[in-house]
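All chains should be built: construct the whole structure from the sequences, respecting the hints.
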Amino acid sequence: MKKHAEATVKRHAHVWTWPIAGYLFLGGLGAGMVIVASVGDLFFGLGSFFIPCAGCSLVALGLGSLLLVFELGRPLQFWRVFSRERAVLTFGAWMVVCLMVLDAVYLGFWFDFVPWSGLFWLRSAVAGACLLLGCGVMLYTGIELSSMKARVFWNTPALPILFALSGLLVGCAGDYLVLCVWPYSAEFAVAAAGPEGGLEPVGGPGSAGGLGSAGGLGSAGSLAAVQSILVVCMGALSVVTLISVLIYVLMMYTSSTAAARKAAARWLKGAFAWAFWGGLVFIGLVIPLLLLAFGSGILHAGAALCVIIGGIFLRFLVVYCDDMRDLPGEALYKKRLPQGDEAFLKADW
Amino acid sequence: MTRYAMVMDTRRCVGCDSCTIACKVWNELPLDVLFCPVLRDGPHGVYPHLHMNHTPLLCMHCAETPCVHACPTGASRQDADGIVWVEEKGCITCGACIAACPYNARHRDRQRGVVIKCDFCKDRVRDGEEPFCVKTCHQRARVFGDLDDKHGAVARLVNSLRTERLFEDIGTEPQVYYIMSKGGQG
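Chains as they are written, first to last, in our numbering: chain A, 1 to 349; chain B, 350 to 535.
Among the hints, a few may not be true.
[Claimed, not checked] Computed list of lysine-lysine pairs in DSSO-like fashion (alpha-carbon distance at most 30 angstroms, straight line): (1) A:Lys269 with A:Lys334; (2) B:Lys499 with B:Lys471; (3) B:Lys499 with B:Lys438; (4) A:Lys334 with A:Lys346; (5) A:Lys335 with A:Lys269; (6) A:Lys334 with B:Lys471; (7) B:Lys484 with B:Lys373; (8) A:Lys262 with A:Lys335; (9) A:Lys335 with B:Lys484; (10) B:Lys484 with B:Lys471; (11) A:Lys346 with A:Lys335; (12) A:Lys262 with A:Lys346; (13) B:Lys438 with B:Lys471; (14) A:Lys346 with B:Lys373; (15) B:Lys484 with B:Lys499; (16) A:Lys334 with B:Lys499; (17) B:Lys484 with A:Lys334; (18) B:Lys373 with A:Lys335.
Hint data in this document are derived by calculation from the structure and do not stem from the laboratory.
Please read all numbers here as calculations on a predicted model, not as lab measurements.
Here it is as structure tokens:
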């Protein structure tokens, strides 16, 4: 009896827990990284620098998918998630898988031995598809939560926008860190710039406008220039995300629904206040802004790291804020439910 | 066409929890799962005019089912007669239906790794019997039947008395109707 009680009474107050928060973060990170990389490749001819980011995006999406499978009650049956055409989760699962495949194909342009590494038209097509699917994955994580009518803190169209902004922000930060730590060789940097190089801007060897062309940002010293563009993007996105987060929480705090007000109060001055003000706002947005504005070099890398920590806090805060509207008497009823540590459950019958 | 629904006459409900226990026993539910709890609210009023509200819950078998729409595997289903149920073989316990249900009517069965819920005792209903909670309710506070049967008890109650449905504003069209204790006069 004791063993049975311990096995069955494990009450979770939340519908989803840390694996889903991790999945949402890694999905946003992977999608954001590949979006920034694709934009850099398609519109600025900087694909040579960003292609390793596609590999990191692939790893992030893969880890996120593993977390999602880990959360399932029957992990080995995960393939069933692809079997229904109309559910948001099914759409999302297909998009994540397709993006992972495209990430792998895109990464292939980095290696000379891959048959398609020299096909520039294919690279631009893959980058374009990555851009579209990345946007889809980034938005879907927010849409999945906001489609839950029962959950007052999620059920708003503002949530996908907030997740998209945060996804782009952590994507920029992730790409920045990859550019910082990736061992680009001097030969590669030069090769990336010149018309004879193995990795050209999308326009091909003759394209003049790309930043990756000779004389543009694709010169040996261009890595710093690319990083400075990312720093500007991170700064701008941090400001917009900070404003959006504050508006979102204040919107909930002034909502007509009591449960939404209660949930927002938890963020502003309750149990989640330390994570919201300390983790998300201060570490995740304010400190990065200060470091980006007044720092340089290693401090910018520190800012990117802080942004990523803030992105993790945002997903955890949202996932654990799954409040529902209570019926009269429901709060009292929930309080009386067994938690699993009651004496009668622990007794050895 | 058959459209199963239930009427809860909360004027009759005394909060004895017979339905809760009957359901738990009949469906052999895990320790931490109840399909039909009875909520208590009150006492309200001023002595000696006091009253308690008892709200028996169960799956609302909504006409517009957010849980079925959220299910990525198709394991959550709704039959033509309106009964919403889970095909256990197809369920992977992703939690999407649990998150989507506004009535907290879906639960994880951690031992079997599936989502479980009230299915109006559909096996009993198909055999011509009432759901077990209805059969157990000695106060006759639970009335089950076909809403499309004009002469049936459910249709008569819904059409003649003022009834309420829980969270009607979110558009789920729940098929459990409540005759509230401080009302119900048509």
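Tested hints:
no.	hint	verdict
1	A:Lys269 with A:Lys334	holds (23 angstroms)
2	B:Lys499 with B:Lys471	holds (22 angstroms)
3	B:Lys499 with B:Lys438	violated (37 angstroms)
4	A:Lys334 with A:Lys346	holds (20 angstroms)
5	A:Lys335 with A:Lys269	holds (22 angstroms)
6	A:Lys334 with B:Lys471	holds (27 angstroms)
7	B:Lys484 with B:Lys373	holds (14 angstroms)
8	A:Lys262 with A:Lys335	holds (17 angstroms)
9	A:Lys335 with B:Lys484	holds (29 angstroms)
10	B:Lys484 with B:Lys471	holds (14 angstroms)
11	A:Lys346 with A:Lys335	holds (19 angstroms)
12	A:Lys262 with A:Lys346	violated (34 angstroms)
13	B:Lys438 with B:Lys471	holds (17 angstroms)
14	A:Lys346 with B:Lys373	holds (21 angstroms)
15	B:Lys484 with B:Lys499	holds (22 angstroms)
16	A:Lys334 with B:Lys499	violated (38 angstroms)
17	B:Lys484 with A:Lys334	holds (26 angstroms)
18	B:Lys373 with A:Lys335	holds (19 angstroms)
Taken one by one, the earlier hints fail for this structure at numbers 3, 12 and 16, listed in ascending order.
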